[in-house]
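Turn these sequences into a full structure, and let the hints steer you where they fit.
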Amino acid sequence: MTSMVRSSAVTLALGYVALGLVALVLFAAPLWYAWQGTIREGRAEILQADAQRLSDVYRREGIEGLRNFIDARIRMQIAGDRILLLTDASGHPLAGNLDAWPSVPTAPGDYRVQFDLRDKGGMQAVLVHVASLGKFNLLVGRDNRLFAPLEKRFWYGLTGAIAVLFIAGLLIGVITRRALMSRVDSIRQTVSAIIHGDLKHRLPTHLSDDELNTLSRTINGMLDQIEQLVHGVRNVSNSIAHDLRTPLAELRSRLEELALIRPPPEQTFGEIDGAVADVDQVIRIFDALLRLAEIDAGLRRSGFVAVDAADLAATAVEFYAPAAELKGIALTFRAEGPTAAAGDPVLLAQALSNLIDNALKFTPNDGRIDVSVQSRSGGSVDISVADNGPGIDDAEKAKVVERFYRGDASRGTPGVGLGLSLAQAVAKLHGSTLELSDLNPGLRVLLTIPADSAPPAQPASDVPAPSSPALPGIAATSP
Amino acid sequence: MKILLVEDNERVSQFVIKGLQEAGHTTDHAANGRDGMFLGASEPYDVIVMDRMLPGDIDGLAIIEVLRKAGKRTPILILSALSDVDDRIRGLRSGGDDYLTKPFAFGELLARLDALHRRAHGVNHELPLAVGDLHMDPMTRKVSRGDRQITLQPREFKLLEYLMRHADQVVTRTMLLENVWDYHFDPQTNVVDVHISKLRQKIDAEFERPLLRTVRNAGYMVTAG
Chain L
2 MTSMVRSSAV TLALGYVALG LVALVLFAAP LWYAWQGTIR EGRAEILQAD
52 AQRLSDVYRR EGIEGLRNFI DARIRMQIAG DRILLLTDAS GHPLAGNLDA
102 WPSVPTAPGD YRVQFDLRDK GGMQAVLVHV ASLGKFNLLV GRDNRLFAPL
152 EKRFWYGLTG AIAVLFIAGL LIGVITRRAL MSRVDSIRQT VSAIIHGDLK
202 HRLPTHLSDD ELNTLSRTIN GMLDQIEQLV HGVRNVSNSI AHDLRTPLAE
252 LRSRLEELAL IRPPPEQTFG EIDGAVADVD QVIRIFDALL RLAEIDAGLR
302 RSGFVAVDAA DLAATAVEFY APAAELKGIA LTFRAEGPTA AAGDPVLLAQ
352 ALSNLIDNAL KFTPNDGRID VSVQSRSGGS VDISVADNGP GIDDAEKAKV
402 VERFYRGDAS RGTPGVGLGL SLAQAVAKLH GSTLELSDLN PGLRVLLTIP
452 ADSAPPAQPA SDVPAPSSPA LPGIAATSP
Chain D
64 MKILLVEDNE RVSQFVIKGL QEAGHTTDHA ANGRDGMFLG ASEPYDVIVM
114 DRMLPGDIDG LAIIEVLRKA GKRTPILILS ALSDVDDRIR GLRSGGDDYL
164 TKPFAFGELL ARLDALHRRA HGVNHELPLA VGDLHMDPMT RKVSRGDRQI
214 TLQPREFKLL EYLMRHADQV VTRTMLLENV WDYHFDPQTN VVDVHISKLR
264 QKIDAEFERP LLRTVRNAGY MVTAG
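Note that the protein sequences, when read in sequence, are chains L and D. Residue 265 in the working numbering is what sits at position 264 of the first sequence, and the numbering runs on without skipping anything. Residue 286 in the working numbering is what sits at position 223 of the second sequence, and the numbering runs on without skipping anything.
No wet-lab data here; the hints were simulated from the structure. There's no promise every hint is true.
On the chain L side, residues computed to face chain D include the following (Cβ under 10 Å) [as the list claims (entries may be wrong)]:
#, residue
1, W36
2, Q37
3, I176
4, Q268
5, D279
6, R285
7, F287
8, A289
9, E295
10, P323
11, A324
12, L327
13, A350
14, N355
A virtual CB, placed ideally from N, CA and C, is assigned to each residue, including glycine.
Structure (structure tokens):
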């Protein structure tokens with residue numbers, strides 16, 4: 002029961018019930034007041050008119066005439082809701098249906114008094130009008146019981162409304178609580194399953210857009226991200242084991258061999274160069290991983306500036322042109338429409354360079370690679386790198402962007418297997434994903450970056466000339 | 064060159080000092096921030112190599128800021144284990160002139176120190192450049208060797224210009240990537256070498272004496288010597 006009371010849904014329901022009661026009372030009180038006021042005034046008028054009529058009789062026919070009139074009236078009365086009393090100055094009753102002057106003043110006016118009415122059962126609240134007729138006193142009253150049922154019904158109605166409000170409120174509270182608890186429970190179960198290490202679980206969501214659902218969806222998005230990160234970390238640690246250990250093992254054996262064999266200087270220097278190259282390879286992997294971690298953490302978003310996607314792509318194409326020429330590959334570049342975008346120029350350049358480098362690696366001699374930049378209708382900019390190489394199997398498409406994944410085709414090629422995953426991470430930082438599609442033959446990699454919505458804070462193309470005394474080469478990234 | 068090295072790691076210090084000595088430079092060494100600040104402020108150096116993370120309460124960037132506020136214009140190269148682009152920007156904002164991430168190749172350090180030193184002595188971007196019989200006019204963008212005109216693509220021109228501005232100095236691949244292509248990452252391929260060999264085709268192929276040389280384990284050098 003305590004958990005019931007503590008439940009936020011029930012607390013809320015109780016709160017609403019209390020609020021409903023206050024509203025009801027606030028509504029009923031003026032009604033009651035107005036009603037009572039109207040009835041009282043109306044009755045007072047009737048009584049005054051009555052008294053006026055009786056005093057007319059007195060004026061016309063004298064005290065005896067009035068006595069007869071009153072007696073006749075009382076005899077005629079059926080419902081008996083009239084109260085009449087005529088007394089002389091000493092308070093002795095002369096006519097009427099009361100035995101003695103009640104506990105009201107004899108001065109003229111309207112009074113409210115409790116009467117023990119004969120044959121009417123108990124005390125009744127009665128409104129009386131007192132008038133003075135010369136040395137006689139006249140009291141005209143009316144039994145309130147005519148209105149009693151109405152009053153009773155009002156109170157019954159009010160009580161009923163309160164009861165209904167109370168019960169309905171509690172019921173709704175309990176039902177809401179139950180509905181809420183079942184959903185909260187399922188969320189709790191999912192979350193505790195996740196705490197215990199199974200990141201595959203997702204919170205149940207419905208089509209509706211209520212708060213809990215929106216929250217669930219947001220949490221699911223977070224879980225996706227976490228799962229991917231955890232998966233990435235797992236992958237990376239596995240791959241580090243392989244990809245970092247290989248050059249380290251090579252390095253170790255190289256150095257150990259040197260120490261053991263002590264070859265002639267010429268050969269020793271060759272081995273040392275080899276060892277330095279091994280270390281460089283380790284450093285390269287390390288740098289790539291650090292860069293990936295930096296991108297994944299989303300920290301580089303602060304480095305977003307206005308960039309021209311076409312410029313970036315043109316530079317990358319031009320950079321790789323001689324290498325393509327050596328392989329006899331036709332490397333072409335085409336840009337269409339506005340290509341202004343918002344992004345991180347350093348990372349975009351690196352991603353582009355990785356994509357072209359990757360295409361160059363897998364495209365056979367005399368093949369072709371087409372790089373194109375196109376603005377999309379939505380305002381974003383597509384950068385596509387298409388080759389006519391062997392392409393990638395559908396099964397492998399998801400894997401190639403994984404860290405350190407190297408397809409069978411890439412065995413024996415240089416590289417650390419981080420190129421596409423870096424491009425993927427960069428795409429993600431720019432709010433999109435790397436799209437791989439088949440060209441039969443060939444592969445098309447699409448990197449979409451958002452258009453430059455904000456006015457450019459500083460033109461990104463303002464690259465300082467080499468050896469200018471400005472910050473060397475990072476002007477493009479400074480915000 | 065007279066160089067100040069502010070670096071707390073003994074091994075790295077020895078390695079750098081020895082290398083610089085072999086290259087014909089004299090080096091003062093400060094193993095902590097306070098000594099580094101004192102030496103940097105009081106002695107005239109051609110270049111300062113500043114480790115970013117130093118023991119004690121003064122860090123490399125703080126020293127640089129103090130030196131710059133004191134009006135010292137000595138070129139400073141920051142050495143750092145922090146490789147983030149943002150860290151780099153922060154380093155250069157504090158008043159550093161170049162940024163090199165640890166671990167580094169000594170050749171890279173030496174080449175960058177040479178470039179910093181030369182830059183500090185003022186470069187006139189409009190004056191014609193000449194190495195041996197190779198001439199370049201940055202204003203008209205004309206290049207010639209001997210009496211023959213050489214036609215270069217814009218990027219080839221930029222590449223050769225950078226090499227000629229650093230004539231008789233080793234220029235590393237990283238320096239070329241950063242300054243010619245504005246690429247602040249390692250493309251992991253030998254593309255720079257391919258560009259160099261294309262350039263070599265144009266300026267050296269039909270001449271007796273090659274001017275563009277490859278320096279083993281370091282980079283390239285344009286020299287008439």
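Original post:
Which earlier hints can't be squared with this structure?
Top reply: Structure breaks hints 1, 2, 3, 4, 5.
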